[in-house]
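Listed below are the residues making up each chain.
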Amino acid sequence: MLENFLAGTGALFGDPFTIAIFVFGVVGGMLFGAIPGVSMLTLAAILLPFTADLEPAQGVMLFAVIYCTGTYGGAITAILFNIPGAPENAPTAFDGYPMTRKGQSGKAVGAAVLCSAIGGVASALVMMAATEPLATWAIRNIGPPEIFALVFFGLAVASSVGGRTIWKGWMSVLLGLLIATIGQDPVGGINRYNFGFTDLAAGIAFVPAILGFFAVSEIFVQAEKKATGQFDAPKVGMSFPTVIELWMHKFAVLRSILVGFFCGILPGIGATLAAFMGYGEAVRWSKNKEEFGKGKLEGVISSETANNAATGAAMIPLLALGLPGGALTAMMVAVFQMHDLEPGPLVFYNSPDLIWIVFAAMFYANLSILFIGLIETKTILYLLKIPFQFLAPLILLLATIGAYISRGLVLDVMVMFAAGILGFLLRRTGYSIPGIVLGLILGKIGEQNFAQGMQMVHYDLGTYFSRPICSILIVAGTLTLAAGLYRAFASSSNTA
Amino acid sequence: MGQLGKSHLVEAGIWSLIVAIFFGYTFEFNQPIEIYKFGATGWPRVIILLLLVVTLGNLYHHFKNGSAIQKGRVGIAETDEAPTDYSNPATLAKIMAILFTPFLFAWLLKPVGMYSGAPFFIAAVIWLFGERRWRWIVGITLLIYAILLGLFVVTLNAPLPQGNVSPFYDVSGFILKMNTQLQQLW
Chain A
1 MLENFLAGTG
11 ALFGDPFTIA
21 IFVFGVVGGM
31 LFGAIPGVSM
41 LTLAAILLPF
51 TADLEPAQGV
61 MLFAVIYCTG
71 TYGGAITAIL
81 FNIPGAPENA
91 PTAFDGYPMT
101 RKGQSGKAVG
111 AAVLCSAIGG
121 VASALVMMAA
131 TEPLATWAIR
141 NIGPPEIFAL
151 VFFGLAVASS
161 VGGRTIWKGW
171 MSVLLGLLIA
181 TIGQDPVGGI
191 NRYNFGFTDL
201 AAGIAFVPAI
211 LGFFAVSEIF
221 VQAEKKATGQ
231 FDAPKVGMSF
241 PTVIELWMHK
251 FAVLRSILVG
261 FFCGILPGIG
271 ATLAAFMGYG
281 EAVRWSKNKE
291 EFGKGKLEGV
301 ISSETANNAA
311 TGAAMIPLLA
321 LGLPGGALTA
331 MMVAVFQMHD
341 LEPGPLVFYN
351 SPDLIWIVFA
361 AMFYANLSIL
371 FIGLIETKTI
381 LYLLKIPFQF
391 LAPLILLLAT
401 IGAYISRGLV
411 LDVMVMFAAG
421 ILGFLLRRTG
431 YSIPGIVLGL
441 ILGKIGEQNF
451 AQGMQMVHYD
461 LGTYFSRPIC
471 SILIVAGTLT
481 LAAGLYRAFA
491 SSSNTA
Chain B
1 MGQLGKSHLV
11 EAGIWSLIVA
21 IFFGYTFEFN
31 QPIEIYKFGA
41 TGWPRVIILL
51 LLVVTLGNLY
61 HHFKNGSAIQ
71 KGRVGIAETD
81 EAPTDYSNPA
91 TLAKIMAILF
101 TPFLFAWLLK
111 PVGMYSGAPF
121 FIAAVIWLFG
131 ERRWRWIVGI
141 TLLIYAILLG
151 LFVVTLNAPL
161 PQGNVSPFYD
171 VSGFILKMNT
181 QLQQLW
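Note that the protein sequences, when read in sequence, are chains A and B. First residue of the first sequence? That's 1 in the numbering used here, and the numbers climb one at a time after it. First residue of the second sequence? That's 1 in the numbering used here, and the numbers climb one at a time after it.
Rather than coming from a laboratory, the hints here were simulated on the basis of the structure. Note that the Cβ used here is the ideal one computed from N, Cα and C, for glycine as well. Check each hint, because a few of them may be wrong.
[Said to hold, decoys possible] Computed, partial: chain B to chain A, Cβ under 7 Å: (1) 25; (2) 27; (3) 29; (4) 40; (5) 43; (6) 69; (7) 94; (8) 104; (9) 122; (10) 126; (11) 130; (12) 131; (13) 138; (14) 142; (15) 153; (16) 156.
Based on the sequences and whatever the hints tell you, model everything.
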């Protein structure tokens, strides 16, 4: 492994053009992740056609680097403005933004930098050491029934955070799932809920929906505060977390690495569910649960470690099985195909150089998060000093471009602003925006895998539950829902 | 009526309406799929049923506790919880203007295009956010517009809506022609 890694490092840093692409990917991913309104997906969508002119290894490496650094970059806007750069950064905002309100933005961003790097590096190391055995294990043990079970468990966990009551948490997730049913059904391709708009046959694209629910709704919330004279500019805090503070959360980091890696390795699941589950597990194991959501460092640490730990793991099903774990890894498949390559088991034998350049680049990209992140953090914190009336139009304009670029449809811009208004109203009434977005993202994956799973087990629940991973995850999810229900009724009887 | 208020009933009514509309619409695509027992409607109908159940649960919570936050909930942004006074019609008008100006901009994107519409949109948002110093409005509008052109047009060659009505289409054409000439200089 070490020999291959060194060979990959040599190939990566031996050619000035490849170095330039690597640096571009690192800086571009961080920048697009950190600019409110656009994300790494926007950058990837714009760059996709240009990768045809690159060497296959350079093209795939560029996207892998953007994936690592963009996942971190989105944490910055989540912490500073309550606008997650990507859905995987949504749980980071739960505690990151309250920390900013308390003048601890430096501490939150510093922890995000460090934990993103730790999660990413750990994941890259495991990926290098065990891609082939893990892929073999995954192909033998993980199928549609297990993926559906994990989606169920993830949604059960997600509904327990965010939302004023457990009912509103569930309603948020179910609304997301309902929106995800718009478009063609994943089994028969039958059009559902297009309401007469032909463009809706392709479904609601999740990039505009995410931008609307997160970025635009936050602008509207702040606008409301401005209009009613309640606007209070967030405070700039430059103090970084101390070594002792970080050491105190070593178990949270370790737990989130495991959670992130497990979620990342499963096709179609990716970093978003990893971040939610990392955060959910941190709440579950904490002795001071009530402090979460009010500016607890552990919240930021858990979510940011988990989402970056998923990035390396997400490459395993992609490279070893040819199955993308999310939108960005799906674009990587397109990069492979542009160069007449197919990701899958054969790529390890036919193009080992490509694989090890990508592995080495991901390792160094995660290290770069630490160094560049720490250097840029103090500069980025000054974004908070820009008056919001000047920042708002920039964010709205960038969001408009981000929504339009992905499919070139004005309808997507309309969907984004409609989601912004809906998000604004739902937040005012105590619903969970991250819950809606997670439902939206996992809805199609859940339905598709449920359908395939049921066909596999011939609609026999006994066979379904005889699969150990399925039964564990379904039982864990059901217990999570039952605990939520119990707390809801206990809370009602206490108050009544 | 317990602690149920008018807003709670309206909220429950809206959710029930969503449930009714989405359930009613399932009959539009209620076709069997040969290879799949539950068809195209199975999954949405289960979601709709669950949504109805939790809507009733939510109503029960409101009946017992009003709008109180359930004990032990995490991940609720403080900014979402602050009460807002809408008694002043001017405030309400301002909020409505902020909510619908982006929608108007999106609606005008097809005929007017991004290149001609963006400066007016930027200036309008700055104004709606309370800035009244016209020099700042113009200066920041130009700065943001320059960032838009520099990053997405010159650097990334991103395809943005050009509009389909004269003279807006001509403005877009002029900017794109200038960009092509600039690219040729390199």
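Cut-off 7 Å, beta-carbon criterion: hint that residue 142(B) touches chain A | violated, 12 Å
Measuring from the C-beta of residue 27(B) to each C-beta in chain A, is the shortest one below 7 Å?
-> At about 11 Å, which exceeds the 7 Å cut-off, the nearest Cβ of chain A leaves the hint on residue 27(B) violated.
Can we keep the residue 122(B) interface hint, with Cβ of chain A closer than 7 Å?
-> holds, 4 Å
Satisfaction of the residue 153(B) interface hint, Cβ to chain A closer than 7 Å | violated, 10 Å
Tell me if residue 29(B) is really an interface residue toward chain A, meaning its C-beta lies closer than 7 Å to one of theirs.
-> holds, 5 Å
Hinted contact residue 126(B) with chain A - closest CB pair below 7 Å = holds, 5 Å
Proposed interface contact between residue 94(B) and chain A, which counts if any beta carbon pair is under 7 Å | holds, 4 Å
Hint validity - residue 25(B) Cβ closer than 7 Å to any chain A Cβ = It holds, given that the least Cβ distance between residue 25(B) and chain A is near 6 Å, below 7 Å.
Per the CB criterion, is residue 131(B) less than 7 Å away from chain A?
-> Constraint on residue 131(B) satisfied, holds at 5 Å.
How about residue 130(B): closest beta carbon in chain A under 7 Å, or not?
-> holds, 6 Å
Given residue 138(B) as an interface hint, is the shortest Cβ-Cβ distance to chain A below 7 Å?
-> violated, 12 Å
May I ask you to test the interface hint for residue 40(B) with respect to chain A, counting a Cβ-Cβ separation under 7 Å as satisfied?
-> holds, 4 Å
Comparing the model with each earlier hint shows violations of hints 2, 8, 13, 14, 15; every other hint is respected.
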